[in-house]
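Here the protein sequences come in this chain order: P, U, W and H.
Going by this note's numbering, the first sequence opens with residue 1, and the numbers climb by one from there.
Going by this note's numbering, the second sequence opens with residue 1, and the numbers climb by one from there.
Going by this note's numbering, the third sequence opens with residue 1, and the numbers climb by one from there.
Going by this note's numbering, the fourth sequence opens with residue 1, and the numbers climb by one from there.
Keep in mind the hints are simulated off the structure, nothing from the lab.
C-beta: ideal position from N, C-alpha, C; glycine also.
Heads up, a few of these hints could be off.
With the Cβ distance kept under 10 Å, some of the chain H side facing chain W (calculated, not the full set) [claimed, not checked]:
| no. | residue |
| --- | --- |
| 1 | Arg24 |
| 2 | Ile30 |
| 3 | Leu52 |
| 4 | Ala77 |
| 5 | Leu78 |
| 6 | Ile79 |
| 7 | Ile82 |
| 8 | Arg86 |
The lines below spell out each chain.
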Amino acid sequence: MFFLSAVILFPLLGGLALLFFPREQVRAIRMTALGLALIELLLVLGLDLAYLQNSVSLFSSSFLHESWRWFPDLGINYSLGMDGISLVLVSLTALLTAICIGASFRIESKVKNYMAFMLLFESGMLGVFLASNLFLFYIFWEVMLIPAYFLLGTWGGERRIYAAFKFVIYTSVGSFLMLVGIIAIGYYHQLAAVAAGGTSCGYTLELSQLLNTSATCHGVLDGTTQLWLLLAFAAAFAVKVPLIPFHSWLPDAYSEAPAPVTALLAGAMSKTGVYGFLRLCIPLFPQAIHTLAPYINVLAVVGILYCAVLALMQTDLKRLLGYSSISHLGVIMLGLFSFTAQGMTGSVLQMVNHGITTAVLFLIAGFLEYRTGTRRLQDYGGLAARIPWLAVMMFIAALSSLGLPGLNSFTGEFLSLLGAFRANVTLGVLGTLVVVPAAWYMLRFFIGLMWGVPATEGAVSANLRKGGIRDLSLGELGVIIPLIILIFYIGVQPAVLTGIIDPSVANTMQVLSSAFVK
Amino acid sequence: MTFDIVSFIVLAVATTATALGVIAFKNAVHSALSLILTLLFLALFYLQLQAMFIAVVQILIYAGAIMVLFLFVVTMLAPDQNESDLKDAIPWQRIVGGLLGLVLVAALSYELFTGAQITGPKAAAGNSLTQAVTAYHGDTQAFGMALFHGFLFPFEVTSLLIIVAILGALVFGRRAN
Amino acid sequence: MTNLSLWVLLLPLLGFIILGLAGRFMPRTAILAVGWGACGLAFLCAAISFFSMLATPAAQRTSDQVVYHWISAGTFSLDFGLLLDPLSMTMLLVVTGVGLLIHIYSAGYMADDPSFWRFFAYLNFFIFAMVMLVIANNFLFLLVGWGLVGLASYLLIGFWYQRRSAVAAAQKAFVINVIGDFGLMLAIFLIFQGAGRLDYAGVLTHTFPAATATAIALLLFVACAAKSAQLPLYMWLPDAMEGPTPVSALIHAATMVTAGVYLVARAYPLFEQSPAALAVVAGIGGATALFAATIALFQLDIKRVLAYSTISQLGYMFMAEGVHNYSAGIFHLVTHAFFKALLFLGAGAVIHALAGEQDMRKMGGLWGRLRVTGLTFLIASLAISGIIPFAGFWSKDEILGSVLAYGNQTGNVWYYILWAIGILTAGMTAFYMFRLFFGIFAGDYRGASVAVNDNTNGDVEEQEAAAAGHHHAGPVRYNSIHDVAPVMSIPLIILAILSVIGGFIGSMALFGLPNWSPLANFLPAAMHNHAAEGSLTLEWISTGLSLLAGVLGIGMAWRLYGKGFAFKQNSNPLYQLVFHKYYVDEILNAVLIIPVLALSRTLSRYLEGDVLDGGSRGISTLFRGTSTFMRRVQTGYMRNYALGILLGVVVIIVYYAVRG
Amino acid sequence: MPLSAYLIMSALLFTIGVIGVLIRRNPLIIFMSIELMLNAVNLSFVALSHFLDSADGQMFVFLVLTVAAAEVVVGLALIVSIYRRRHNIDVDEMNIMRG
């Protein structure tokens, strides 16, 4: 029965258990951490199978649901729930964490704390994806932020303090507003429920209560309260996604954090923002989301093109990937707020694809930085001959990132943009236009590193003169291969994922009723 | 009736004078002595208000015990050093202090004069035991009854307080070794 | 009807995977075995399917084979399927046939290249992508093929990735192809919006409202223009000559660039629904034909001459399709595939013989040494110039005839102008082809004698650098030149034969023979019955004139360059303008590339740097400022604190006093 | 005598105590001023107890007394220990805990 709690608490307890290891046994710590992450992955896969047996909707009785009373009179209880969308994201998080821990065997200082924080980070994210009570959602939201701050702050590059500080400021301001929103929604919902006749209705934060229109205690909030509450929630999620004006923490955080951490941040954490919009904002505030959707779409499109253009001239490897990642998330948001079945299924599918592709790109950037010690693009050049395997892996990931038809990102991007196009033609066209600058900066990124004539001065040429650069070691290859296989598999056979996502999207969105275009 | 008024006024003037003396004298010993006088005058006030026990207690404990302690400490701590020669670090403090004092007095008196005139005895609210006991016009026996029935718990607490105070004094008094 | 199209698709993919993973360790013969085997078997399967298709009656010649369910989201559901019908059969034969010949040829051409295996892996990947594009049964997998083909051309153009010019050309080619993908994607969105499905069977029978039909057709044409290097988006093809010559032959002459022509032919019901789009197709086709031909007149690098010639011939194909005669377009596509591939391979043989030399001024008099290459090159030149028995004559004249007939039928003066442009371009084509032929084979050998930098003109230097960039050891002595090995000359000969007899698959109605045009009958009737049926006299006039133009062109070339190519620098502005390819690259750079990069640089410095970073830094300084101010309240003097307390008390009392 | 007279008297004493605290810099004097304030409160307690005819007031005076005693004891002990360490006792010197 408590399958979901096991999935969340296992990495938490694993992380804590890890702290009791003696500090100097670095190898043992790394191995156990990887073991824990892999066991967690198996647990999640078991969960997937359990789910696929009886593919259920969010509110059907047999839905994988757990609920324990916590503060009964406040309507707060420890309740978890899962449907197709959270299943996909939970699996992505578990996979990426296992891979990123596998890729972190080069971290030397304070390995024990590092691994513990990574596992804590994973359980925070899993909690966010599975919580079905607003209070519990907020707790996991914060539990996710703390390890991210420490991972970024202690093991990062030179400007890590500044980056970590900015990251926390942006995220916590957003999440405090969300807390206000959470408290307020319980209160207004109660008011509305009482007004609607259910005199005995109490203050509740239980998602199934708030969303379940047939429940006895269901009050419908009026337009303006919905709008204000939506803005409160949107603040936290917009920072996390990030939408354009709130994105300036991302380039610093992604370029300063160690590569495995950035891979996890970009791969999984940014999805919690979009998940928040999808699971909380749209169902809870249907009217308000309609008034706000055009503005969010415009922000998304601006974000897509603005960051694509910015990525053209970045000199720092990870910064370039950071901007590209914002651009991709813009496409996801555009798909989500098109309120069409294709757009939303496409955006969830693209969340998974973007997670995989960005993780590979950041890990490779990390391997390169580990070998040469520099992140400046100008120092690199013509490495394909020396490190062919790394070049091939990077090329596949770069192609997937620029949306080459036939690979994984194309399927998600195509569906999202199709949905966006059906909702609003001009935004659809502008969104699709990103394909051109995306190809341009991705190729410039790959060519700058791998093709052309090797740079004559700078750190890379020094390494080349000294002893040359080693190609991918077996461990590194083993870390990337699963993701590369997924890139090809989802590209060729996306029906597997859309089969899981589509019914859940339709189910989550029936609250929009007429607005949701099949 | 006039005797009351005259005695009150005399007492009032005397108390005010000695109170001012406390804060005015340069020499600490003088202000200590003037404080003792103030306490005595207050005891007289209490007598005037027929609070016999309190008046006696006031004289015995306050004037007697506490002030003796005060004098003891004052004489010990270099009485000759008067503070006028020291530069006053924050001169504006005095002016503002004085002003605020005046405002306080004005506000309080305004409040008292315009507030509800409490002249006669009023039936005490609540059903505290003391209310039944005061039928004897507030004499010591009534006070004792009230103390040990109504206020037993606070009485015990104060005893605890005093023990703590003694321990505190012991700790601070210890010669730094 | 046996349909082996799935094998035609999977065999090259298999070849690519084997060579891609293990190619590095395989000996040369094994590489060739896999490469030739995969492509050869694919051609065999295509041939088998072709003959079985010929055996079946015309009606049941299409077989739509669903492979697996690809995706489903809401009402959008799509299966990946293969459609084998006469049109895709023709394309399959061309792709795999010419592909096989080029595979054989490359064994010789790339013999001395260290990453021999990588070349064959990419070739196989290209054939897989092109086959996917051609036999997909829905627009989405057409887009997938479209993208993969763009990737293949990127990989092959940038094959020698150490060379800066090749890398830049590859990137330019890919980005411009992505612009095409962008157009195709929008068209697909519109199609789904209108028809609710994407497979050809459903979409091509659906009638769209006029405006959407035109929008879809034009967007599809944007994709074709990018892929087939038509006017606005052609500039990547001349730079694509940086790739090895077999690549130019296969991709940039015979197969990939014709994908646009195939797309228009495939989606002809859509184009039929919007006459405006067809007019645009015809117009741009004609304009590109003329424009590219003018540039080709004065090029010095033999491969660039052929590149511009390809652009021009593609213009012809689109002209044919613009006047509703899609089968004429496909016919010219097939014949063009033969003689243009032959021309490129011939040029490749010349370059190979001269150890990498590509500049006409350092060739000449090779007729004596490269006899086979010379002969096949001559045949191809005659074919492309539209001289009577050769393939080019039949296909080009069918196009010009139908343009004239269409002009006559609709009475629209523009089509007459278009026809005139066609004739003029035919003449120019003949001129530059024979200028090239005489430049290479006639006169005396200028290789060793000419010092490299004898002329002053700066931009010629640029052409020198581009040509010299190709790793060649320096001018080869005349008598050490020897003709190419049989592995290269056999494909030349086969293609030469095809260039001669290729024309006879087209219509012979001209000479009173019964309407015997196997290709037109093979293709679905609807692809040419909308075309205008001009009277026989009109046919004779346009054929006669185009033949005359061809002969004139050859004559002028003979008079100017008969005795050998002599480069005369002349400074009249018109010549300079054309010589510098209308400065298109420089304009593109100035108008598009530099401004966007500058915008990106300023945005990241000012908007990102100052406004956003500054903003967040500003907030933190704000907080620090208020905190330092608050700190001064803690003065340390106890009396101040007492004063504070008193102030509080006083305020409360005064408040109550005032409130009363 | 009317109750308000006593209250005014107590207010006056209280104010004098407060001013004493504010003005003087010798901790002993400050201590005495505090005592003064306490006694002012005692006075008002007794007066009210007398006029309201209830012993509660006097109870509080008694408690205040004990508290004052405890306070003086500890206070003086503190001052003595400070004096032993610093040899001069001036309130303004003791500002180590400054912000």
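Taking the hints in turn, this is what the structure says about them:
Among the interface hints, the one on H/Arg24 holds; its C-beta lies about 9 Å from the nearest C-beta in chain W, closer than the 10 Å criterion. Given hint, H/Ile30 at the interface with chain W, holds; its Cβ is 8 Å from that chain's nearest Cβ, closer than 10 Å. The criterion of a C-beta within 10 Å of any C-beta in chain W is not met by H/Leu52, whose closest approach is roughly 21 Å, and the hint is violated. Here the hint on H/Ala77 is broken, as its CB sits about 18 Å from the closest CB of chain W, past 10 Å.
Taking 10 Å as the C-beta contact cut-off toward chain W, the hint placing H/Leu78 at the interface is violated, the least distance being around 13 Å. Violation of the interface hint for H/Ile79 is found here, the shortest Cβ-Cβ separation to chain W being roughly 13 Å, above the 10 Å cut-off. Residue-level restraint check for H/Ile82 is violated (minimum Cβ-Cβ distance to chain W is 12 Å; threshold 10 Å). Hint status for H/Arg86: violated, given a least beta-carbon distance of 15 Å to chain W, over 10 Å.
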